[in-house]
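Spelled out, the chains give:
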Amino acid sequence: MEISLTVNGAQHRLRLDDPRVTLLDALRQHLGLTGTKKGCDHGQCGACTVMLDGRRMNACLSLAVMHDGDAITTIEGIGTAEALAPMQAAFIRHDGFQCGYCTPGQIVSATAMLDELRQGWPSQMSADLTAPQFTDDEIRERMSGNLCRCSCYPNIVDAIRDAAEAPA
Amino acid sequence: MPDPIELTLRHQMNSRDERNLLDHTVQGIVGSPLDRPEGPLKVRGTATYADEDHPPGTVYGWLVRSTVGKGWVVGLNTSELRAMPGVLAVIRDDRLIRNPAQGQAGKAPYQGPAEVFYKGQPIAVVVAETMEQARDAALAARAQYDDRTDKGVFTPERASYETPPKKQATQGDLDKEMDAAAFRVDLEYTTPTMSHSAMEPHAAVAWWEDGQLKVRGSYQMLKHNVEELADALGISPKKVRILSPYVGGGFGSKLGISHEAVGAAIAAQKVGRPVAIALHRRQVYETTMRRSESRQRVRLACDRDGQLTAVGHEAWVSNLPGERFSEPVTQATPFTYRGENRLIGHHVGRLNITAAGSMRAPGEAIGVPVTEAALDELAEAAGLCPVELRLRNIPDKDPTTGKPYSGNRLADCLRRGAESFGWADRPQPGTRRDGEWLIGMGMTSAIRVNMLENSAARVTLAADGTALVETDMTDIGTGSYAILTQIAAEVLGLPMDRVTTMLGDSDLPASSGSGGSFGAASAGSSVMLAAQAVRDRLAERMGCDPGELTLKDGTAIAGNRQRQIVDLLAGDSLQGTGEIEPGTTSQDHRQACWGAQFAEVAVSSVTGEVQVRRLSAVFATGRILNPKTARSQCIGGMIFGIGQALHEEVMTDPRDGGFVNRDLAEYHIPANLDVPHIDVEFLDDRDPYANPMQAKGIGELACCGTAGAIVNAIANATGKRFHHFPVTLDKVLAKLD
Numbered sequence: 001m002e003i004s005l006t007v008n009g010a011q012h013r014l015r016l017d018d019p020r021v022t023l024l025d026a027l028r029q030h031l032g033l034t035g036t037k038k039g040c041d042h043g044q045c046g047a048c049t050v051m052l053d054g055r056r057m058n059a060c061l062s063l064a065v066m067h068d069g070d071a072i073t074t075i076e077g078i079g080t081a082e083a084l085a086p087m088q089a090a091f092i093r094h095d096g097f098q099c100g101y102c103t104p105g106q107i108v109s110a111t112a113m114l115d116e117l118r119q120g121w122p123s124q125m126s127a128d129l130t131a132p133q134f135t136d137d138e139i140r141e142r143m144s145g146n147l148c149r150c151s152c153y154p155n156i157v158d159a160i161r162d163a164a165e166a167p168a
Numbered sequence: 001m002p003d004p005i006e007l008t009l010r011h012q013m014n015s016r017d018e019r020n021l022l023d024h025t026v027q028g029i030v031g032s033p034l035d036r037p038e039g040p041l042k043v044r045g046t047a048t049y050a051d052e053d054h055p056p057g058t059v060y061g062w063l064v065r066s067t068v069g070k071g072w073v074v075g076l077n078t079s080e081l082r083a084m085p086g087v088l089a090v091i092r093d094d095r096l097i098r099n100p101a102q103g104q105a106g107k108a109p110y111q112g113p114a115e116v117f118y119k120g121q122p123i124a125v126v127v128a129e130t131m132e133q134a135r136d137a138a139l140a141a142r143a144q145y146d147d148r149t150d151k152g153v154f155t156p157e158r159a160s161y162e163t164p165p166k167k168q169a170t171q172g173d174l175d176k177e178m179d180a181a182a183f184r185v186d187l188e189y190t191t192p193t194m195s196h197s198a199m200e201p202h203a204a205v206a207w208w209e210d211g212q213l214k215v216r217g218s219y220q221m222l223k224h225n226v227e228e229l230a231d232a233l234g235i236s237p238k239k240v241r242i243l244s245p246y247v248g249g250g251f252g253s254k255l256g257i258s259h260e261a262v263g264a265a266i267a268a269q270k271v272g273r274p275v276a277i278a279l280h281r282r283q284v285y286e287t288t289m290r291r292s293e294s295r296q297r298v299r300l301a302c303d304r305d306g307q308l309t310a311v312g313h314e315a316w317v318s319n320l321p322g323e324r325f326s327e328p329v330t331q332a333t334p335f336t337y338r339g340e341n342r343l344i345g346h347h348v349g350r351l352n353i354t355a356a357g358s359m360r361a362p363g364e365a366i367g368v369p370v371t372e373a374a375l376d377e378l379a380e381a382a383g384l385c386p387v388e389l390r391l392r393n394i395p396d397k398d399p400t401t402g403k404p405y406s407g408n409r410l411a412d413c414l415r416r417g418a419e420s421f422g423w424a425d426r427p428q429p430g431t432r433r434d435g436e437w438l439i440g441m442g443m444t445s446a447i448r449v450n451m452l453e454n455s456a457a458r459v460t461l462a463a464d465g466t467a468l469v470e471t472d473m474t475d476i477g478t479g480s481y482a483i484l485t486q487i488a489a490e491v492l493g494l495p496m497d498r499v500t501t502m503l504g505d506s507d508l509p510a511s512s513g514s515g516g517s518f519g520a521a522s523a524g525s526s527v528m529l530a531a532q533a534v535r536d537r538l539a540e541r542m543g544c545d546p547g548e549l550t551l552k553d554g555t556a557i558a559g560n561r562q563r564q565i566v567d568l569l570a571g572d573s574l575q576g577t578g579e580i581e582p583g584t585t586s587q588d589h590r591q592a593c594w595g596a597q598f599a600e601v602a603v604s605s606v607t608g609e610v611q612v613r614r615l616s617a618v619f620a621t622g623r624i625l626n627p628k629t630a631r632s633q634c635i636g637g638m639i640f641g642i643g644q645a646l647h648e649e650v651m652t653d654p655r656d657g658g659f660v661n662r663d664l665a666e667y668h669i670p671a672n673l674d675v676p677h678i679d680v681e682f683l684d685d686r687d688p689y690a691n692p693m694q695a696k697g698i699g700e701l702a703c704c705g706t707a708g709a710i711v712n713a714i715a716n717a718t719g720k721r722f723h724h725f726p727v728t729l730d731k732v733l734a735k736l737d
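Sequence lines, in order, name chains A and B.
Everything in the first sequence is counted per the working numbering, starting at 1 for the first residue and increasing by one.
Everything in the second sequence is counted per the working numbering, starting at 1 for the first residue and increasing by one.
The reader is advised that the hints may include incorrect statements.
[Unchecked claim] Not close to chain A: a few residues of chain B, all C-beta gaps over 10 Å, as computed:
| id | residue |
| --- | --- |
| 1 | Asp17 |
| 2 | Phe335 |
| 3 | Ala411 |
| 4 | Val566 |
| 5 | Lys628 |
| 6 | Ile639 |
| 7 | His677 |
[What the hints assert, rightly or not] Label pairs and their computed distance ranges (CB to CB):
| id | chain 1 | residue 1 | chain 2 | residue 2 | range |
| --- | --- | --- | --- | --- | --- |
| 8 | A | His42 | B | Gly75 | 53 to 61 Å |
| 9 | B | Val74 | A | Arg93 | 55 to 63 Å |
| 10 | A | Thr135 | B | Arg655 | 58 to 66 Å |
Derived from the structure by calculation, the hints contain no laboratory data.
Keep in mind that this is a model prediction, so the values were computed, not measured.
Every residue gets a Cβ at the ideal spot worked out from N, C-alpha and C, and that includes glycine.
So here's chain A without its partners, still in its complex pose (with noise of 0.2 Å):
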């Protein structure tokens, strides 16, 4: 079978012999996007986080030949070797990671995330669920899908801030 899938804006005829290809699995071997990782493949660690038309979500839990004709953002998607989103410089100068292995889930989740919060959907840590408000623990909460074992949490959540508050 074959689908089209386009990727950070460019379009892929992918051809998938074996419809058990996950999502996340036709990015990192048939179109060679390792930027996104794979830390379980259950959905319970977050490294894998895409943006599906704007949505972020978790390409282990998804096969590929559900998307044919989608359009999917990866952290290769974000920002360019030249010129890091703000999101990414963020995170270097609060050094919101270590290992770095889910670094790239944890950007493109962060991103999709202020948007979120920006067209006022509530969380669990919303006061006011008609309209939340740009809080650290809204930010803990709302990146607790995206695991860090190396544990830079802190700075994650100060990078997210600071990237958030920077001008577009």
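Using the hints, position chain B against chain A.
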């Protein structure tokens, strides 16, 4: 390009470092909170880990694993599997290993997949064209067993324990003093099996070129890993090259060669193509390494002035039959506090459960929180402030050996930490409330032994004034790329962007590798020595003594003379090799890393949930090479402690030893919302006995004690004591009124 001029500087630590070179260089890079140089690669997803950058034609392997807890494999449906789509080979080979090599083993672990020692043990490898096909075939594998599960030992209660004579020690008469002392505690604690749970699962890609084996893998100590893999395969270490440029976390789980490397190497030989084996997360839990569970008995006694007179610490841990490693739980106990009557006990039980190995601070990580929790109970019994009890018991010299400390800053850490945390505001136990939440404060000392290992590095100063640092050292998130670049730049007087660091290739000079918190000190010292060899030659070319030379921003200065380094090089490149070796200062002096940690918790009186509201630490651990990466190591270690105190516990099935919670949804490492703001302060410190940089280990120290501070805070909040880690909601609820 002409060959570089080769220079060598070797140093064995047989005496106190008097030169203190890094306090006399002026580039201002060492000690600065600089960003990691590899940061742009990591935030863009272009740093390549083990299961990436496959050679063309790579095929995939998947481990077949035992479904019984003990016995023998007597058959496998190989021909059925062989007929499945895409399957290239089904491999049962006597060279497959039972469990990963222990850290610094330098030889193969126990080999032979026929005898099963634990449930989940790899017994075969299936190779197929695609990962999906290999996985499918492995899941369809049906082994026949001579099943001896009924003879297995799966719980500590049923284990028989060995008591190695060399691991026992007594001084004075502990029993007698326990009866006589004014105040005493005699307590038993348990800590569970834990999992490293590094974010990158173990993976290896192996391929053969002209009889040479190349492996991209996720390993911490390449010089040992090459020897282990070569030994497992029965080939010369000279034929093995391992590449680990980026390692997605280790914490000890990747110290030794593991199933995926041996399996991929054998498979690549058999199918004649590169083979990639990436362990599934559940395989990581069940087949790599665990931290042993422990049972610990702590006996402490003090006189009316709060002077410790008895210190007893006994531990029962476990491992697979034949494994030499056993978690050195009592490691810090002999040298931390006073007491004339002492007893150390160490007992190892043999269990048919996944091998136990080193996990971040093996020993102190589970020993210190327990002794520090017991001290908290003694302080309460004696009516003393816990900080004061510790301050009254800091010895002048190692109370067990009589050796001097290389430096002991524990008192400074305790005083400074208590002040900055606001310890004076600690409530009486069980008296402070915030709505449904009971609030408490607790503290701990943080103690971890300091080590130095053989390490070598090469620093090449090219004719254009740029430098290249090369060593097989790994960066497992610890900041090796940052600090090694900084050290070379500092000693050579170059800006950071003129220095490049290459790591993680076993063809480069052999380093200590990453482990035991000795990586920065060992590999860093070798880089410093290599750069110093180059610097000494520059001094010669300046016509001055090395001590009179100043190097800054590419300029050499001696007295009132000044020349550009590139002019001094005059077209030459200088290549320094530096080698550090441990020496007598490791034996003559008790070297340790020191700290104090403070925690504030809130315990829900309704649900029993514990939230850590504040964590604060002060560390004195020699020179801090990079305060930014050092702080990250410390907060990471302290958060390890949150997991240890509150969440983390591998549960095993008492019927067959299988891991019940074997993935990241069931084994609960801390998540972002579990973690509060964390304060970390470093005292200005130097340890001239440690190494020529006068730096010490950090990454493990930070987790040695944290869980103790948290359980002590829970006791302060609730007025109840908890002796079984982790302190989960059910345990709290059962004790709340």
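Structure-based check of each hint:
Separation of B:Asp17 from chain A is adequate, the least Cβ-Cβ distance of about 29 Å exceeding the 10 Å criterion. No Cβ of chain A approaches the Cβ of B:Phe335 within 10 Å, the least distance being about 28 Å, so the stated non-interface status holds. Distance check on B:Ala411: its Cβ is at least 28 Å (rounded) from any Cβ of chain A, clearing the 10 Å threshold; non-interface status holds. Against the 10 Å criterion, B:Val566 stays outside the reach of chain A, whose nearest CB is about 28 Å from its own CB.
Residue placement check: B:Lys628 does not keep its beta carbon more than 10 Å from all beta carbons of chain A (closest about 5 Å). For B:Ile639, the condition that its CB be more than 10 Å from all CB atoms of chain A is violated, with the nearest at approximately 3 Å. Listed as a non-interface residue, B:His677 fails to keep its Cβ farther than 10 Å from every Cβ of chain A; the least gap is roughly 6 Å. For A:His42 paired with B:Gly75, a C-beta distance near 31 Å fails the hint of 53 to 61 Å.
Evaluation of the 55 to 63 Å hint for B:Val74 and A:Arg93 yields a pass: the beta carbon distance comes to about 59 Å. Judged by the Cβ atoms, the range 58 to 66 Å given for A:Thr135 and B:Arg655 is violated: they are separated by roughly 47 Å.
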